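K.L.:
Next come the chains, spelled out residue by residue.
Protein chains: 2
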Amino acid sequence: MSAATAQILLPSDDAAPTTRDRIVETAARSFQEIGYQKTTVADIARTLKMSPANVYRFFESKKAINEAVVEQLTGEIEAMIAAIADAPKLGAAERLTRIVTALHDDCRRRFEAHPRVHEMVEAAMSESWGVCQAHVDRIGAVFTRVVADGVREGAFTVADPKSAAACLHAGITRYCHPMLVGRQPNAIEPPLPVMIAFLLGALRPAGD
Amino acid sequence: MSAATAQILLPSDDAAPTTRDRIVETAARSFQEIGYQKTTVADIARTLKMSPANVYRFFESKKAINEAVVEQLTGEIEAMIAAIADAPKLGAAERLTRIVTALHDDCRRRFEAHPRVHEMVEAAMSESWGVCQAHVDRIGAVFTRVVADGVREGAFTVADPKSAAACLHAGITRYCHPMLVGRQPNAIEPPLPVMIAFLLGALRPAGD
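Protein chains in written order, with full-length UniProt numbering: chain S, 1 to 208; chain G, 1 to 208.
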């Protein structure tokens, strides 16, 4: 269920959005601390001292709750990198470097704090691909904006900023994908700065 | 347990290697078809009509069996790409393109045939990192060889072929990692040929 559908299902009383927020917040905590697999809608209702039926007034399934949780989490990440993309007085290469580093550090921090967070991500990838795809698209849009800035600055020479941005984003999967970073975070080769330099090199091709 | 340790534990009778091979083969089938989590050493023994104690003469744990299974599977992949790397009369860029495409296609095929194969990989990544790292190193060595050929041919201009090969390998994670490719294999963006062209562009930098 998308956020838009959830909105339609919301009861019209004023307290409704707050209840919805509390469900998402409680579910997020439980998914991260106990794990997505082991958390039931009844557990979430119990923590909130409400009936499961009341939770189902807001979300039709655990999957729908996970979509709202993942949308909130990915929204935080997107806001973080949009702020870097908008940083004044920084060149495009420097902004891309900071964005990729921030994505990697954020992913590592979340896994160190909550080792079970990958269960939510796995569930979203297999049951709610649209939510994942929308996040990938929004991150891609930020990369596209900075790559296009770099082309205007003369720092990059790429024919299609959107395509180059998609390549850049796919190229950092090993460093920023929640299903991979949590395992052996210190064993990722090559070190991130080496990888960033390599990828930035692809934005300045000699032509062939 | 490494393959070398397994070798030391082998009983000295002539039939031993065959029994070991049969255990690995049966375990591989069960891990792929039933899943790593649901397969027990007792299940493997039952299929082979032997006692669990006999399986434990060859492998000290299910984890040790998985290491042997993963070593066999990764060995097949390494042999496949080594054959491409050695193809005569093909330029380095063409060989890299064929290697990456083969890795991607092989990964997709394995998941289409056995959707539970990722459980083995996840177990190996969390319990037997050494086996995974050795595979990454061997793939990296093949990439390094072809990148170095490309430098000699004048097709690539990189200062450190080993480092560039590691970047290339990390850069294709989205397309070749068994934990990712199985989910939404048709939704990977950008298409692989676009990604390969981008990464090959990084091997021919204008310099900065």
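Keep in mind the hints are simulated off the structure, nothing from the lab.
Some hints here could point you the wrong way.
Identical copies look the same in the list; a pair holds intra-copy or inter-copy alike.
With a straight-line Cα cutoff of 20 angstroms, these simulated SDA-like cross-link-like pairs (lysine to any residue) come out [as the list claims (entries may be wrong)]:
| no. | residue 1 | residue 2 |
| --- | --- | --- |
| 1 | Lys38 | Ala28 |
| 2 | Lys38 | Ala93 |
| 3 | Lys38 | Leu48 |
| 4 | Lys63 | Thr157 |
| 5 | Lys38 | Ile188 |
| 6 | Lys49 | Ala113 |
| 7 | Lys62 | Gln72 |
| 8 | Lys162 | Pro191 |
| 9 | Lys89 | Gly130 |
| 10 | Lys38 | Glu122 |
| 11 | Lys49 | Gly91 |
| 12 | Lys162 | Leu192 |
| 13 | Lys162 | Ala148 |
| 14 | Lys62 | Thr74 |
| 15 | Lys49 | Ala85 |
| 16 | Lys89 | Val41 |
| 17 | Lys89 | Ala187 |
| 18 | Lys49 | Pro191 |
| 19 | Lys89 | Asn54 |
| 20 | Lys49 | Cys132 |
| 21 | Lys62 | Glu127 |
| 22 | Lys49 | Glu119 |
| 23 | Lys49 | Glu94 |
| 24 | Lys62 | Glu33 |
Small disclaimer: the values here were computed from a predicted structure and weren't measured.
K.L.:
Hints first: check each against the structure and report whether it holds.
P.N.:
Going down the list of hints, with the structure as the test:
1. Lys38 x Ala28: Within one copy only: 13 angstroms inside a chain, 28 angstroms across chains, cut-off 20 angstroms.
2. Lys38 x Ala93: The answer is neither: 43 angstroms in one copy and 48 angstroms across copies each exceed 20 angstroms.
3. Lys38 x Leu48: This pair counts as within: shortest intra-copy Cα distance 17 angstroms, inter-copy 34 angstroms.
4. Lys63 x Thr157: For Lys63 and Thr157, neither the intra-copy (43 angstroms) nor the inter-copy (49 angstroms) Cα distance is at most 20 angstroms.
5. Lys38 x Ile188: neither (30 angstroms within a copy, 29 angstroms between copies)
6. Lys49 x Ala113: neither (26 angstroms within a copy, 46 angstroms between copies)
7. Lys62 x Gln72: within (15 angstroms within a copy, 39 angstroms between copies)
8. Lys162 x Pro191: between (26 angstroms within a copy, 13 angstroms between copies)
9. Lys89 x Gly130: neither (35 angstroms within a copy, 44 angstroms between copies)
10. Lys38 x Glu122: The answer is both: 14 angstroms in one copy and 19 angstroms across copies each meet 20 angstroms.
11. Lys49 x Gly91: Classified as neither; 51 angstroms inside a copy, 67 angstroms across copies.
12. Lys162 x Leu192: between (23 angstroms within a copy, 15 angstroms between copies)
13. Lys162 x Ala148: Result: close within a single copy only, 8 angstroms intra versus 31 angstroms inter.
14. Lys62 x Thr74: within (18 angstroms within a copy, 37 angstroms between copies)
15. Lys49 x Ala85: neither (42 angstroms within a copy, 62 angstroms between copies)
16. Lys89 x Val41: neither (48 angstroms within a copy, 61 angstroms between copies)
17. Lys89 x Ala187: neither (34 angstroms within a copy, 36 angstroms between copies)
18. Lys49 x Pro191: neither (47 angstroms within a copy, 48 angstroms between copies)
19. Lys89 x Asn54: neither (50 angstroms within a copy, 69 angstroms between copies)
20. Lys49 x Cys132: Intra 31 angstroms, inter 46 angstroms, cutoff 20 angstroms: neither.
21. Lys62 x Glu127: within (11 angstroms within a copy, 30 angstroms between copies)
22. Lys49 x Glu119: neither (25 angstroms within a copy, 37 angstroms between copies)
23. Lys49 x Glu94: neither (49 angstroms within a copy, 62 angstroms between copies)
24. Lys62 x Glu33: within (16 angstroms within a copy, 28 angstroms between copies)
When held up to the earlier numbered hints, the structure conflicts with 2, 4, 5, 6, 9, 11, 15, 16, 17, 18, 19, 20, 22 and 23 and fits the remainder.
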